[in-house]
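*Asks:* What follows is the residue order along each chain.
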Amino acid sequence: MYDKKKLDAIREEKKKWEETSLKKELEEKGEHKKEFRTWDGLLVERIYTPLEMESRGWDFTEELGFPGQYPFTRGRTPTMFRGEEPRGFTYGGFGTAEATNKWLKYLIEQGGKESTVAMDLPTQIGLDSDNPLSRGEVGRQGVAIDSLADMETIYEGIDIGETYVGSVVPCIGPYYLALMLALADKRGVPHSKLHITMQNEPLKDYVARGTYIFPPGRAVEFACDAIEYVVKNRLEDVLPISYTGYHFREAGSTIYQELGFCLAIVVEFIEKLIGRGIDIDDLPRAEINLTSGVDLLQEVSKFRAIRRMWARTMREKFNAKSAKAMSFTHRAGSNSSLYTAQQPLNNMVRGTIAALVQVLGGVQYCHVAPYDEALSIPTAESAKLSLRTHQIVMYESGVANTVDPLAGSYYVEALTDEIEEKSMELFNRIQEMGGATKAIEEGFMRNEIAKAAHQFQMEIEKGERIWVGVNKYQEEEPFEIDIMKVDPNEEDRQIEKVKRLRKERDNGKVGVSLDELRKATQNNVNLMIPLINAVKSYATTGEIFDVLKGVWGEYTEQIY
Amino acid sequence: MNKARSPIRVLVAKPGLDGHWRGAMVLALGLRNEGFEVIYSGLRQTPEKIVQTAIQESVDVIGLSCLSGSHNYLFSRVAELLQEKGMDDVIVIGGGIIPKDDIPYLKSKGISACFGPGTLIGEVADFIRANVKR
Chain E
39 MYDKKKLDAI REEKKKWEET SLKKELEEKG EHKKEFRTWD GLLVERIYTP LEMESRGWDF
99 TEELGFPGQY PFTRGRTPTM FRGEEPRGFT YGGFGTAEAT NKWLKYLIEQ GGKESTVAMD
159 LPTQIGLDSD NPLSRGEVGR QGVAIDSLAD METIYEGIDI GETYVGSVVP CIGPYYLALM
219 LALADKRGVP HSKLHITMQN EPLKDYVARG TYIFPPGRAV EFACDAIEYV VKNRLEDVLP
279 ISYTGYHFRE AGSTIYQELG FCLAIVVEFI EKLIGRGIDI DDLPRAEINL TSGVDLLQEV
339 SKFRAIRRMW ARTMREKFNA KSAKAMSFTH RAGSNSSLYT AQQPLNNMVR GTIAALVQVL
399 GGVQYCHVAP YDEALSIPTA ESAKLSLRTH QIVMYESGVA NTVDPLAGSY YVEALTDEIE
459 EKSMELFNRI QEMGGATKAI EEGFMRNEIA KAAHQFQMEI EKGERIWVGV NKYQEEEPFE
519 IDIMKVDPNE EDRQIEKVKR LRKERDNGKV GVSLDELRKA TQNNVNLMIP LINAVKSYAT
579 TGEIFDVLKG VWGEYTEQIY
Chain G
19 MNKARSPIRV LVAKPGLDGH WRGAMVLALG LRNEGFEVIY SGLRQTPEKI VQTAIQESVD
79 VIGLSCLSGS HNYLFSRVAE LLQEKGMDDV IVIGGGIIPK DDIPYLKSKG ISACFGPGTL
139 IGEVADFIRA NVKR
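So the protein sequences, as listed, match chains E and G. Heads up, the first sequence is in this note's numbering, so the first residue is 39 and it goes up one at a time. Heads up, the second sequence is in this note's numbering, so the first residue is 19 and it goes up one at a time.
In isolation and in its complexed conformation, chain G is listed as follows (with noise of 0.2 angstroms):
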């Protein structure tokens, strides 16, 4: 099947063990209404774990969030982990209670973008259509 004209597919995943599963869970219903395929993770993933799913259901995108405060660190691992398989062609967002001067540092290690709270499906659907490295 031609890539390029499937479904974009996406992980909606919730690494580390925060358990505020509504925003990702709304994303990820939200996203399949956009007409996305749409994988979610279920709680406290490791970054391992989370790439290792990314690589199983080969994914375009891979949203992550956390509400937690710990997003420095699992999102920027999610990443790395990403560039250390060489999979350059996967997206990594973020959303969830992220500080604002923390999106530099994580867009550094990266996390294509964040959304915070009151971000519309739409605009994330959006984002991934314009972002999406096919």
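Only chain E is shown next, with the shape it has when bound in the complex (with noise of 0.2 angstroms):
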């Protein structure tokens, strides 16, 4: 890429440089540090030159080229924001279904084009709200959905043709799946129209965030399910699975293991689609969920580091030729375990960076964490001032005018090719084990994420790593914020209602539908159709996780 004879008369002006300007400036004020780090452990030089590119043998068409086009290192469109604005989108829901769908029409009045409907633990786990293990969890992280008639009211008077509508289900995506396809089926609203975002990847549950309900080569097949239904159904704004390394990092993992762990996943999940006889080209184009942290140029390099390597991946294992099935929907949260108690407003600046970091990374769906998520569930006032965090960033800050601004950066190069050295390490790692699920059986990647937890609480306990307000400029007095509650009545409100639907719903119905879907499971089929006949019948959640996990069995956490 570099001529030869002005390659060598910028190493002669280095060295120039360096026995002058640099030695006197060393001598005189020396550096406050012996090594620099980006926030992941990368080693910094002190400046980067076309040196460093030329002996790394870096292309610009190999490791660069065009966006919309391969290796997609630039972003997955041609014309990226100038043409499709990113979206950004809330995580909300709590307490009811009347409340939650308060929330939903007070978030789209503000702007938001797409809401996240977080569900409560129980229903993410499958157990309705009267179950004794629920006790103390209903409503809380999220809204209570025993049975179609809480999606009812949760989209009452939205239109869901409209509306990107979502749901962060890693291991009940199929029965979202159902519920929304028997509400659009209620209302008239063709299954072609409804945009929906579903995380459906039960995998890193059992790595990272806990709700896990079969054993996981069962948890795949079961999200397969639905994957396979929308490929063969043509359902083309339906997103049937969201692949996520956020989890992992939120867990405490580095940005290695956050997108080596996640592209592994990608292809357990990729090599079971296509033994259902799909084609890489036809699957839906996939989307990936990912943190976004403060080291705004490493964070930055680790989005154009995993669309180069999904790119590759794809290409190279599995003979993808379609721009769909190389590249990705992009999709990033501000890492938002890095917020702190101490000093809540602060975060709102660590949430600036995160949304500069998506943009200027090519995230097409942005979110960033309220200020005071780690003190509760967020309030309205917070949440709409992450919303106007990203439109400022993105509106008024000017980074999103060109596609991938930071390409061509020495630095960014150099941070680009060494992410995705070290996090493909860690997937052929993988690989070599067997595959992901695997090394999640074996206990391989919450171990390892678990160790770069503890190694990161050491540095930050022996000040080797600076966390403002935690362990360097404390303050004494606690900043007094306006926080969320929910009203603990809730709780008996939602088993009163659930209760009741069992008394007065067609019971025979009821118990056909489930038999039906016992049949299924037994039976090995697709049970799309079954889940959305259980639905409608109003069957409940606990009733009909309780068929599946009849035929399945349950998970145990095993503890190394």
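These are calculated hints, taken from the structure and not from any lab test. Heads up, a few of these hints could be off.
Below, in silico cross-link-like pairs of lysine-lysine (BS3-like), each with a Cα-Cα straight-line distance of 27 angstroms or less [as the list claims (entries may be wrong)]:
(1) Lys587(E) <-> Lys67(G)
(2) Lys422(E) <-> Lys118(G)
(3) Lys67(G) <-> Lys127(G)
(4) Lys510(E) <-> Lys118(G)
(5) Lys510(E) <-> Lys67(E)
Over 12 angstroms on every C-beta distance to chain G, these chain E residues come out as not near it, computed from the model [what the hints assert, rightly or not]:
(6) Asp46
(7) Asp97
(8) Glu100
(9) Lys224
(10) Arg272
(11) Ile316
(12) Lys362
(13) Ala452
(14) Glu456
(15) Arg540
(16) Gln560
Only a predicted model underlies this, so the values are computations on that prediction, with no experimental measurement involved. We put the CB at the ideal spot given by N, CA and C, even for glycine.
Two chains, two frames, some hints: make the complex.
*Replies:* So, in structure tokens, the structure goes:
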């Protein structure tokens, strides 16, 4: 890429600079650290020049190319944010379906384009609100869904054919899809008009998030039922799986674990889907959800690295040909485990860096965690400020005007290469172990992340790493902010609601639909149709998952 | 063996359905470094199971971690069960996303202290050493 003569001239100049200006400065003032590293430990040189690019054999076409083309380093589309603006999204929903409905309407009025509805933990692991294990959890981390009746309330007065809806339902994805399809049928909205994003990726939950239900292999097959249904019925605006490295990082992983483990899970799913007779180029465009941390240039490089890793893996491993298969929709949320309860307003600044990382890094769906997230479930006010943060970065900062604005920075290209290399090493290690499910069953991913989280904590405790407000610049007086309160009586009301439903519905119909679901499960066929029928009969979440658990069994966590 | 001289035993437990293990695991590993004997319960423990483990392992301290907002019920239920079993010599501490306004309630139920995000392991260790009932 560089002319040899010009490189020699640069080398010569660099040497001169080192012996004169630099030497003098170092002798007089020195530097405040012996070595400089990125957040995730990459050694950072004092300066970067074309010499490093040359010594790595960096090639413009191979490593960078043009946006919307292989290897997609620069972004998914040729025009990126000049054409398609990134969407800010919020993650909310709490208490009852009624409260969530109001919340959604408020966000839509505020210009939120997509609302991901959070479900409470009992729902996410297939339990009804009146199950003894649900006690204390109902309506806490999100809204309780006991049956289709709750979905009807959540979307009351909201046109589900016009809104982007979504949920984080890693282990109950096909059930969530069945709820949305059943709701569309009841409202006369054609399935093809639905815009749905669902996470539907259960494997990471055995590693980090913890809403697992079935043994991991079964969970993958179950999730694939929804994907297969979406592909075969050509539901073009339904995104049936969102892969995520986000939760690994929030649990304390390094960025290499975040990317490497995530890609290993992607490959596991694609192998299963190809096994079901689906061509890789016919799969819906995938989505990946990653964190945007606070080391701005490292994080932008990380996003660029994963796009290239993805493209190369899809082409080299699966022989993918289409741009759709070789790229993915990029979703990212701020690294909110770095948010502090101390001096919570500081988190707005961390959120702003996250928003910059997302736009500079070519992310289509951007989420900035509200600044009070380390204290409680966010308030409407703090959630609105998150949307505004994204909007200010998008419309005022100017960083969205050109595609991949940091491309060509010697430093950013070096980081991008190094991150790809280190992440692929981990990915390859998992492939050698027999793939993601195997690595999860052996506890490998979780233990590696726990080690990284422990190391991070030790670095904070020893002051090797500065965390403003935590181990440096602490303040004595805690700052007072308004926090969101959940009405404790909502749990009882939700329990009443599900009990009433069981009395009032046609229980004969429920029995038949659950029997059909059981038979289908035993026969190992795609469960989407029997699930939709069960949902329409107003079978409850717990009843449906009890049928599946009865056939597949349940997972219990191994402690290593 | 003289219990007063043996290392302090801590059960770090995850009550309820919350799957965020980072805080619990980092605390467990960190307290081990501080010289405590630590048992980590794993996820999805009922208050009953936690108290049962505490009895079996004869621990001095139970550290509960919850980030789902269900701490009021879950933490106080653990404390209540301990009192029922007459295990007054076990102290219970909590961590996770615990709003400040909930702390007086939790203290009234028998939770000795709550530690939020950004807590250093050393703070927890010092608290345990100062308050353990032996």
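*Asks:* Each hint needs a verdict: does it hold in this structure or not?
*Replies:* Evaluation of the provided hints:
1. Lys587(E) <-> Lys67(G): holds, 22 angstroms
2. Lys422(E) <-> Lys118(G): holds, 23 angstroms
3. Lys67(G) <-> Lys127(G): Roughly 19 angstroms between the alpha carbons, so the hint for Lys67(G) and Lys127(G) holds.
4. Lys510(E) <-> Lys118(G): Cα-Cα ~22 angstroms, so holds.
5. Lys510(E) <-> Lys67(E): holds, 24 angstroms
6. Asp46: holds, 51 angstroms
7. Asp97: Asp97(E) clear of chain G: closest Cβ-Cβ about 40 angstroms, beyond 12 angstroms.
8. Glu100: Holds, since 38 angstroms exceeds 12 angstroms.
9. Lys224: Correct as stated: the minimum Cβ-Cβ distance to chain G is 30 angstroms, above 12 angstroms.
10. Arg272: holds, 35 angstroms
11. Ile316: Holds, because the least Cβ-Cβ distance between Ile316(E) and chain G comes to about 30 angstroms, which exceeds 12 angstroms.
12. Lys362: Holds, since 33 angstroms exceeds 12 angstroms.
13. Ala452: holds, 30 angstroms
14. Glu456: holds, 26 angstroms
15. Arg540: holds, 22 angstroms
16. Gln560: Label holds. Min Cβ-Cβ 27 angstroms, cutoff 12 angstroms.
Going down the numbered hints, you'll see the structure goes against none, and every one checks out.
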